[in-house]
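Could you put the whole structure together from the sequences, leaning on the hints where they help?
Sequences listed follow chains B and S, in order.
Reading the first sequence from the start, the letters are residues 994 to 1049 in our numbering.
Reading the second sequence from the start, the letters are residues 2 to 442 in our numbering.
It should be emphasised that the hints constitute simulated quantities derived from the structure, not laboratory data.
Don't take each hint at face value.
Below, in silico cross-link-like pairs of lysine-lysine (DSS-like), each with a Cα-Cα straight-line distance of 30 Å or less [said to hold, decoys possible]:
(1) S:Lys73 <-> S:Lys101
(2) S:Lys73 <-> S:Lys51
(3) B:Lys1001 <-> S:Lys348
(4) B:Lys1029 <-> S:Lys239
(5) B:Lys1001 <-> S:Lys271
For clarity, every value in this text was computed on a predicted model and none was experimentally measured.
As a plain string of letters, each chain reads:
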Amino acid sequence: MLVIDEKKCVGCALCNAFCPFDALEAWGINRVDPDKCTDCAECIAYCPVDALEVKE
Amino acid sequence: MTQDKYDVVVIGGGGGGMTAAALLSHAGYKTILVEKLPFLGGRASSYEHKGYIIPTGVFLVLDSGELGEVFKEVGAELRVTTATPQRVRIRGKDFQPPEKGQLKAVLAAAARDQAEADRVWKAIKRGLSWQPPSAEITFTEWLRQYTDNESILGIWRGLWANVVGGLPEEIPARAWFDLVHNMGPAGSEGGYPAGGHIAVWESLAKTVRAKGGTIWTRAPAQRIIVEDGVATGVVVRKDRQDISIDARVVISSALPNITIRLAGENTFDKGYLKEVSGQIRVPFFTIIVGSNRPLYPYAAGLMLGEMPRLSMLTVPTEVYPDYAPPGKHATWFLSAKCSPRHPYDKKAELDMLLRDIKEAFPEYDKAGAEVITAQFFDGDWPGFGAAVGMEIECRSPIENLYNVGDAVTDPAGCVPGLSGAVHTARLVIQDIKRRFRPGEM
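This is how it looks when you write it as structure tokens:
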């Protein structure tokens, strides 16, 4: 499951733009829609502040 | 762990790192640049989203000045269409500044009468040509000695936001005068690169590769190797493998606090750690809007000092329609009016910015406008790497480890933002050229 560390997240919206499933929403801080997210982890590569992680 | 050997390894493919890698490869140094993200350009780049070109930070790129000189030096192609001067909204009316004498003209437009305009202008000229004001008071305190006109103060609210970020009521009075000395009285000069900002960095990357240099993306540095107070390489993760790169020099275009984390705190001088941990990063945030009709049909856009949040907008589709999908228009809105010194509520700030946008452009709904994305820049992904006067030097206490970027500076005078990143990279490369020859390393 994709987890966003809200303390680290800046809200730059890069993950949102590069999510292939449109599962992230950014308005200041990011939210993940668990119904759309497939845990593909592509967003993790685009996070400049290491705020994203897929946890078992 | 495999081994590779280079003259120089550059950490980070932002404006500073890319400039450094291009200049080094061009001068014959065996160079590798490693970037954590999948794209180059850091906070001065762009990407595509919903058919729009979205900036990753920087709105306007200067093709004159140091970036242009770097491109000339290395023989890379830079296509930027200049779109200045920016208009200034004063008490609800838009003022078009002349090509020359912009500040004086804007001042005259904001003043209640000629006597007020003359009084402020004389004080500014004296500060520039005779003695800058003391750093003991803020810019606002200084200006209020000459005027209580909120529209005149608004000019600097807009200017600060665009050029260095932060608030004139928090910045030492002399900082603005020092900046003018270092970079001229420019507001937000610049333009749009053909193909988006990413094209600027891909052009430099092409040069690096043509000269035998190496660039890796999706390759986060894991640590900087330090032996006996000297940097000797970097460990990089690529394709799930840790690769050790030996190098004579390490240049980091990551923020100084991240550079410290990579090299290990215990390897640094205590005073340096204190300087870096005291740095204040300057936030800003943006809303990128798409619409069926242009919201403001002027490419260089508008500076707005007098609104609560909105400080600037630019209109790239007036120059390059392909910054938006066919039939659509893009307007980029910036707010750089939160204090970097106090906490704030990000969602509330964006709500306020959107309210400002709709107030400034009542035709928002009729033009079919919609938010394409909203971005925050702060912390380790900041609007500006350091509040004015808090930049540190490029050399670090670890021998052969340099920082470049917008959180470090030339001791001879600070240049902010992307220009500062390019400037510090040039300084560092000069220093390296003085100390080592390619291949001798």
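Against the structure, the hints:
no. : hint                   : in the structure
1   : S:Lys73 <-> S:Lys101   : holds (26 Å)
2   : S:Lys73 <-> S:Lys51    : violated (34 Å)
3   : B:Lys1001 <-> S:Lys348 : holds (16 Å)
4   : B:Lys1029 <-> S:Lys239 : holds (28 Å)
5   : B:Lys1001 <-> S:Lys271 : holds (26 Å)
In summary, the structure is inconsistent with hint 2 from the numbered list given earlier, while agreeing with all the others.
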